[in-house]
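Generate the whole structure from the sequences, applying the supplied hints.
4 protein chains.
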Amino acid sequence: MELAMSKDDLGRFLQTEFPQVAQEMVVDEVSAQGLVLRLRVSAAHLRPGGTVSGPAMFGLADVALYLCLLSRIGPQALAVTTNASIDFLRKPAQDRDVIASARLLKLGRVLAVGDALIYSQGLPDPVARANMTYSIPPAPR
Amino acid sequence: MELAMSKDDLGRFLQTEFPQVAQEMVVDEVSAQGLVLRLRVSAAHLRPGGTVSGPAMFGLADVALYLCLLSRIGPQALAVTTNASIDFLRKPAQDRDVIASARLLKLGRVLAVGDALIYSQGLPDPVARANMTYSIPPAPR
Amino acid sequence: MELAMSKDDLGRFLQTEFPQVAQEMVVDEVSAQGLVLRLRVSAAHLRPGGTVSGPAMFGLADVALYLCLLSRIGPQALAVTTNASIDFLRKPAQDRDVIASARLLKLGRVLAVGDALIYSQGLPDPVARANMTYSIPPAPR
Amino acid sequence: MELAMSKDDLGRFLQTEFPQVAQEMVVDEVSAQGLVLRLRVSAAHLRPGGTVSGPAMFGLADVALYLCLLSRIGPQALAVTTNASIDFLRKPAQDRDVIASARLLKLGRVLAVGDALIYSQGLPDPVARANMTYSIPPAPR
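As they're listed, the protein sequences go chains C, Z, E and S. Heads up: the first sequence runs through residues 1 to 141, numbered per my numbering. Heads up: the second sequence runs through residues 1001 to 1141, numbered per my numbering. Heads up: the third sequence runs through residues 2001 to 2141, numbered per my numbering. Heads up: the fourth sequence runs through residues 3001 to 3141, numbered per my numbering.
Treat the hints with caution; some may be incorrect.
Said to hold, decoys possible - To list a few chain Z residues with every Cβ distance to chain E over 10 Å, as calculated:
(1) 1040
(2) 1076
(3) 1093
(4) 1096
(5) 1101
(6) 1123
What the hints assert, rightly or not - Computed beta-carbon distance windows for the label pairs:
(7) C:3 <-> E:2125: 47 to 55 Å
(8) E:2033 <-> C:16: 42 to 50 Å
(9) C:43 <-> S:3044: 51 to 59 Å
(10) E:2006 <-> C:50: 52 to 60 Å
(11) E:2015 <-> S:3080: 29 to 37 Å
(12) E:2075 <-> C:138: 23 to 31 Å
(13) E:2050 <-> S:3094: 31 to 39 Å
(14) E:2006 <-> C:43: 55 to 63 Å
(15) E:2108 <-> C:49: 34 to 42 Å
Hint data in this document are derived by calculation from the structure and do not stem from the laboratory. Glycine included, each C-beta is placed from N, C-alpha and C at the ideal position.
Below you can see the structure in the form of structure tokens.
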């Protein structure tokens, strides 16, 4: 499958449309197989006890799958998250970036579904697992 | 069922343990039936287009159910979110607070499960639905 | 909200379209608030240890929400389950029917979302909690 | 990781403990990477329109992950499904077996979490995606 947006296209899209997000997340990789997104972990993402917060990991998974979808359909579409499910498996390391490895399982006419594994960078066991569904609005005519 | 923590107890707990969260979330109500938590929506919670962000709603549901659990078992426990599932139903209003109404469905020895409906304050239709599971660590002996 | 199908309409619909299901499930109640569906528990639904099986409870929740949706939009639509999430909370009694109490949280143009609590008949605590999403195909023109 | 139960061990376990299930499901493969379970699709699993029913796919995913867990911890444990989430992605073929490819993402002291992709045999695109959590009872002392 050909990509509609490259790594650089996606980075520019983030900068323009979600500047707040672009400051903390970086696309490490995009291919026909999926997308890898990194959260630059800082104090703002930590919870007492030194864990990366649940909402921070949720947000990472959501942006990773959203960008994975856009890499297939292009930047014009205003896809909306309709469902998300996440399992928190292990405590993430507080001194490492968090990495989401996302893949698209279905790209339909009105729905797209994908999942992601989330890791503390450089460690072998996933800290979380997420799946998300997006509603794709009809193209304007 | 008697409550282990009152609305004021929970407010103080948030101030002490999660000062960052305490600035933006307020316990409106706690009873044997459940807990109502309000997110004071500000610019930091909004996404382009004027919607309250998904991670902000996820975080609200998570804190609401966590506090609902603590209101039953008291502040000593270090409960951890293990699973969360959320449906985004409607676009929240950007100029209204967001309210989570949470209830506990199971309080077991090692797991607690609950769900929540999320509303834009004063509007009748829910903007999101969430369910969460918490792992309760064994009491120290 | 006016109902498009009554309890009797739904029962006849099950008989005609899903005769196998109609033998084991009965609509107890339908109203603007939701729908109550009963599974007549028999040996076929039990697992070793005398529990009602997970797939049997999953099927009950699915049919309950599907009929709840049809009671609003009528029998013509071919809605398809796209997402389901279920928490098993307690062991159901093996000698009691199982009851799903379902409600619709969103009825959109392309998606409908609802949730259900499942009980062993006559017992106060839910044995399971489920939420489901349905994709509604566009009306033929 | 060494396996506590081989493919043959798991087959015998199914025959003894879940004879009803053993008639319709077969372990195709088990390894350190995961487990592949096949549902021999028959008329009993079909819905009008010739689709494999949702509960049948739910049951397949549940048994696949349950056996994957047992292949690690052995047959003694009475693990219980506590949470399941499934996305139905495409209509399964009615004349092909359905295959679940399951993997364990976490094996903790009290919880195990895994996910599975489900395929119509021989077709490349998954028909469903599922994740499940199991509660592992404490070992008797």
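Taking the hints in turn, this is what the structure says about them:
Residue 1040 of chain Z, annotated as away from the interface, keeps every beta carbon of chain E farther than 10 Å; the closest lies near 25 Å. Every CB of chain E lies more than 10 Å from the CB of residue 1076 of chain Z, the least distance being 24 Å, so the non-interface label holds. For residue 1093 of chain Z, the requirement that its beta carbon stay farther than 10 Å from each beta carbon of chain E is met, with the minimum near 16 Å. Distance check on residue 1096 of chain Z: its Cβ is at least 19 Å (rounded) from any Cβ of chain E, clearing the 10 Å threshold; non-interface status holds.
No beta-carbon of chain E is positioned within 10 Å of the beta-carbon of residue 1101 of chain Z; the least distance is around 13 Å. The Cβ of residue 1123 of chain Z lies farther than 10 Å from every Cβ of chain E, with a closest approach of about 14 Å, so its non-interface assignment holds. The given range of 47 to 55 Å is respected by residue 3 of chain C and residue 2125 of chain E, whose C-beta atoms sit roughly 51 Å from each other. Hint check: residue 2033 of chain E to residue 16 of chain C, Cβ distance near 46 Å, so the stated range 42 to 50 Å holds.
Our hint of 51 to 59 Å for residue 43 of chain C and residue 3044 of chain S holds, since their Cβ atoms are close to 57 Å apart. Between residue 2006 of chain E and residue 50 of chain C the CB atoms are about 58 Å apart, so this pair conforms to the stated range of 52 to 60 Å. Taken as a hint, the range 29 to 37 Å holds for the pair residue 2015 of chain E and residue 3080 of chain S, whose Cβ atoms sit roughly 35 Å apart. Separation of residue 2075 of chain E from residue 138 of chain C is about 26 Å and conforms to the stated range, judged on CB atoms against 23 to 31 Å.
Evaluation of the 31 to 39 Å hint for residue 2050 of chain E and residue 3094 of chain S yields a pass: the beta carbon distance comes to about 33 Å. Range check, residue 2006 of chain E to residue 43 of chain C: Cβ separation about 59 Å, and the 55 to 63 Å hint holds. For the pair residue 2108 of chain E and residue 49 of chain C, the supplied restraint of 34 to 42 Å holds, since their beta-carbon distance comes to about 40 Å.
Of the numbered hints given earlier, the model fails none.
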